[in-house]
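*Asks:* Letter by letter, the chains look like this.
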Amino acid sequence: MNFYRSHVLVCAGAGCVSSGCLNTMEALVDENAKLGLDREIKVIETGCIGTCDLGPVIVVYPEGVFYRNVTTDDAREIAREHLLKGRTIQRLLYRNPLTSQLVQTYGEMEFFNRQLRIALRNTGVINPEVIEEYIARDGYEALARVLTTMSPEEVVATVTASGLRGRGGAGFPTGKKWGFTFRAMSDQKYVVCNADEGDPGAFMDRSILEGDPHAIIEAMTIAGFAVGANQGYVYVRAEYPLAVKRLQLALDQARNYGFLGKNIFSTNFSFDILIRVGAGAFVCGEETALLASIEGKRGEPRPRPPYPAVKGLWGKPTLINNVETFANICPIILYGADWYGRIGTETSKGTKVFAVAGNINNTGLVEVPMGMTLRQVVYDVCGGIPNGKEFKAAQTGGPSGGCLTKAELDVAMDYETLIAAGSMMGSGGLIVMDEDACMVDMARFFLDFTQDESCGKCTPCRIGTKRMLEILDRMTKGEGREGDMEALYGLAENIRETSLCGLGQSAPNPVLSMIKHFRSEYEAHIREKRCPAGVCQALMSYNILANKCRGCGLCARVCPTAAIFGKPKEVYRIERKKCVKCNACLEKCPFGAVVRA
Amino acid sequence: MKTVEDLRKLREEVRQMTKLREGEAEVRVVVGMGTCGIAAGARETLGALVQEIAEQGLLSVVVTQTGCLGLCEREPIVEVNAPDGRTLYARVTPERARRILRQHVQGGVAIEDWVIRN
Ligand SMILES: Cc1cc2nc3c(=O)[nH]c(=O)nc-3n(C[C@H](O)[C@H](O)[C@H](O)COP(=O)(O)O)c2cc1C
Numbered sequence: 001m002n003f004y005r006s007h008v009l010v011c012a013g014a015g016c017v018s019s020g021c022l023n024t025m026e027a028l029v030d031e032n033a034k035l036g037l038d039r040e041i042k043v044i045e046t047g048c049i050g051t052c053d054l055g056p057v058i059v060v061y062p063e064g065v066f067y068r069n070v071t072t073d074d075a076r077e078i079a080r081e082h083l084l085k086g087r088t089i090q091r092l093l094y095r096n097p098l099t100s101q102l103v104q105t106y107g108e109m110e111f112f113n114r115q116l117r118i119a120l121r122n123t124g125v126i127n128p129e130v131i132e133e134y135i136a137r138d139g140y141e142a143l144a145r146v147l148t149t150m151s152p153e154e155v156v157a158t159v160t161a162s163g164l165r166g167r168g169g170a171g172f173p174t175g176k177k178w179g180f181t182f183r184a185m186s187d188q189k190y191v192v193c194n195a196d197e198g199d200p201g202a203f204m205d206r207s208i209l210e211g212d213p214h215a216i217i218e219a220m221t222i223a224g225f226a227v228g229a230n231q232g233y234v235y236v237r238a239e240y241p242l243a244v245k246r247l248q249l250a251l252d253q254a255r256n257y258g259f260l261g262k263n264i265f266s267t268n269f270s271f272d273i274l275i276r277v278g279a280g281a282f283v284c285g286e287e288t289a290l291l292a293s294i295e296g297k298r299g300e301p302r303p304r305p306p307y308p309a310v311k312g313l314w315g316k317p318t319l320i321n322n323v324e325t326f327a328n329i330c331p332i333i334l335y336g337a338d339w340y341g342r343i344g345t346e347t348s349k350g351t352k353v354f355a356v357a358g359n360i361n362n363t364g365l366v367e368v369p370m371g372m373t374l375r376q377v378v379y380d381v382c383g384g385i386p387n388g389k390e391f392k393a394a395q396t397g398g399p400s401g402g403c404l405t406k407a408e409l410d411v412a413m414d415y416e417t418l419i420a421a422g423s424m425m426g427s428g429g430l431i432v433m434d435e436d437a438c439m440v441d442m443a444r445f446f447l448d449f450t451q452d453e454s455c456g457k458c459t460p461c462r463i464g465t466k467r468m469l470e471i472l473d474r475m476t477k478g479e480g481r482e483g484d485m486e487a488l489y490g491l492a493e494n495i496r497e498t499s500l501c502g503l504g505q506s507a508p509n510p511v512l513s514m515i516k517h518f519r520s521e522y523e524a525h526i527r528e529k530r531c532p533a534g535v536c537q538a539l540m541s542y543n544i545l546a547n548k549c550r551g552c553g554l555c556a557r558v559c560p561t562a563a564i565f566g567k568p569k570e571v572y573r574i575e576r577k578k579c580v581k582c583n584a585c586l587e588k589c590p591f592g593a594v595v596r597a
Numbered sequence: 598m599k600t601v602e603d604l605r606k607l608r609e610e611v612r613q614m615t616k617l618r619e620g621e622a623e624v625r626v627v628v629g630m631g632t633c634g635i636a637a638g639a640r641e642t643l644g645a646l647v648q649e650i651a652e653q654g655l656l657s658v659v660v661t662q663t664g665c666l667g668l669c670e671r672e673p674i675v676e677v678n679a680p681d682g683r684t685l686y687a688r689v690t691p692e693r694a695r696r697i698l699r700q701h702v703q704g705g706v707a708i709e710d711w712v713i714r715n
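The listed protein sequences correspond, in order, to chains A and B. For what it's worth, the numbering used here labels the leading residue of the first sequence as 1, then goes sequentially. For what it's worth, the numbering used here labels the leading residue of the second sequence as 598, then goes sequentially.
Hints in this document: simulated from the structure, not taken from any laboratory. Just to be clear, a hint being listed does not mean it is correct.
Label pairs and their computed distance ranges (CB to CB) [to be verified]:
1. B:Arg-612 with A:Gly-534: 32 to 38 Å
2. A:Leu-35 with B:Cys-665: 35 to 41 Å
3. A:Trp-339 with B:Asp-710: 30 to 36 Å
4. B:Cys-665 with A:Glu-435: 32 to 38 Å
5. A:Asn-583 with B:Cys-665: 25 to 31 Å
6. A:Asn-69 with B:Thr-663: 21 to 27 Å
7. A:Glu-108 with B:Gln-703: 29 to 35 Å
8. B:Val-712 with A:Arg-95: 50 to 56 Å
Quick partial rundown of chain A residues pointing at chain B, CB under 8 Å, derived from the structure [said to hold, decoys possible]:
9. Asn-2
10. Glu-63
11. Val-125
12. Glu-132
13. Phe-180
14. Gln-253
15. Phe-259
16. Gly-261
17. Phe-269
18. Tyr-415
Don't be surprised by glycine CBs; every beta carbon is placed ideally from N, CA and C.
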């Protein structure tokens, strides 16, 4: 047997890859070899560990020491000091943003020890390109048990009893969907995994595929057995090349071992999976558009019913589930529906992965039990708001969802409570905004996205979202008019009620929820032509305070458009018409005399 | 992979690939790797421990390092942390390291002659 006294995990999620982790890893491997450590120490490239703002990230086992922002030089130092001599390098440790204390190990980081990782159980722990590491952690055991000891009915019953609901957005009970597909009569059925992940800011599906591809392969194969399908498809966007590559490799390995293919575990069940790469349109995440896209047609939705469980891919009954939904299946089989049912709330079982972004100390992926409050996620797990700023709002459900305000910080994050609070779970995007965010600009951002992504098949979505965007655009430019908010409400209602698919039906949500909670900001934009948060450029003006200006002339010198006039030792002034609001004078002024309003 | 037994057999073989990351070790062997320890040959001692663990297939053992314990003249020092307590050994040569693993860690009997008493 090979024995390595230390395993060094290098996070190679896409975020860390862009911060240069591959160079860091190369330096580490090289230094280890120079020191003769390469036979004692194993360097492992893993999927996303979740702390995406701290990359490149390295975890050294068995101690579990967590290093962040590791450069190539740092990596060599880790080899010389830590791996050779066992000295932790304090300088590279993570500092708790709230207590300012250095955290010695992974297990002591609140970011990790408050999480419950079921869907992400292997992500960031194993090397996704080595199937044996997956097998070492009970991989393919659930499939073995299903095929050799359970009937399809029993599998469906177990998934139903677990209370698992779809993680793709709608939260439909997964067992029910499996049951529908199981009962649909047909000579041919399919299983499809939805890895389109179009919600801007959400990346849990990508991370699971990159970090633990076999978990999805195994779960889809179990689903195939349960519903009576022999062919699966993973629909993944072309913008996820690393996910595609690792999944392809995993599929080849699974076939080699016989976990896919004919007569799996010598039973008469056969199943295989193909990858279909999509062009990355938001609407292609909608299930009927997705199926059309797999068939080689334009990715446009069609009215439901019939639902895919009855008439799906090529008209055949098709089970379609989200990546994270599938990622929960094997643990449910292994540990039982009762175990799963004890996690979460009455109606929202299990955990949810959130992709936390925006004005927050720890951005990245966190998996927590359903029903954890927004406050706990923002402050306890993710370390609160940086730079001493105030929490203003959090957007959940991405461009289809709504925002939660300070008053809703204690709202439980589960399907029902979020809906009742005027937002939704969606796919788990969580964008945190501090006091400097403008809620008109935010609404404009989301609508700009949905308007752009509208496939154009139905009129309310194609034209309605365009009209709404035009209104918001005007507001941010100081051209808002009385009646604009009423017009937005009117359009929103029509679009919601008459759009063909969820894209249009939910597109007005962010605007509506932001007007509801921050009406006065909209009024300030319309009536006073003022952006209270100071975000909308067109509404800003720069001034020099006479009592603070010492007449040094620095501002005039940095101004790129020569919009600042004055004589040395006298008060300078800004000519509005020439000012392009570049902020240079404000940043340069040593006396704080330049102000923005 | 024809049967469930094949899978389970393979799993036993590859278990150690990820075990170290799961923090469930029964025995922790710690080598003093301060400047004094390294000068006294701790590097070779550590290497011998790793090799012996591999040869014997000791899945429940982890090896880590520590700094100077203030007993520089007795380096290399090796500490064995087992469920029944903590034992410090002095002047652990590679040969002694192998014997400590076999006799103490596997056999459960400390080698009294080399133990540091306070
Ligand atoms: C506009 C739109 C985009 C969607 N995008 C996704 C997506 O990216 N990923 C996903 O799993 N589901 C997406 N859905 C939901 C799917 O239609 C479908 O409900 C889901 O894949 C079912 O899987 P689940 O039950 O496991 O959640 C989207 C729906 C709409 C209306």
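*Asks:* Could you work out which earlier hints the structure fails to respect and list their numbers in ascending sequence?
*Replies:* 1, 2, 3, 4, 5, 8, 13, 14, 16, 17, 18
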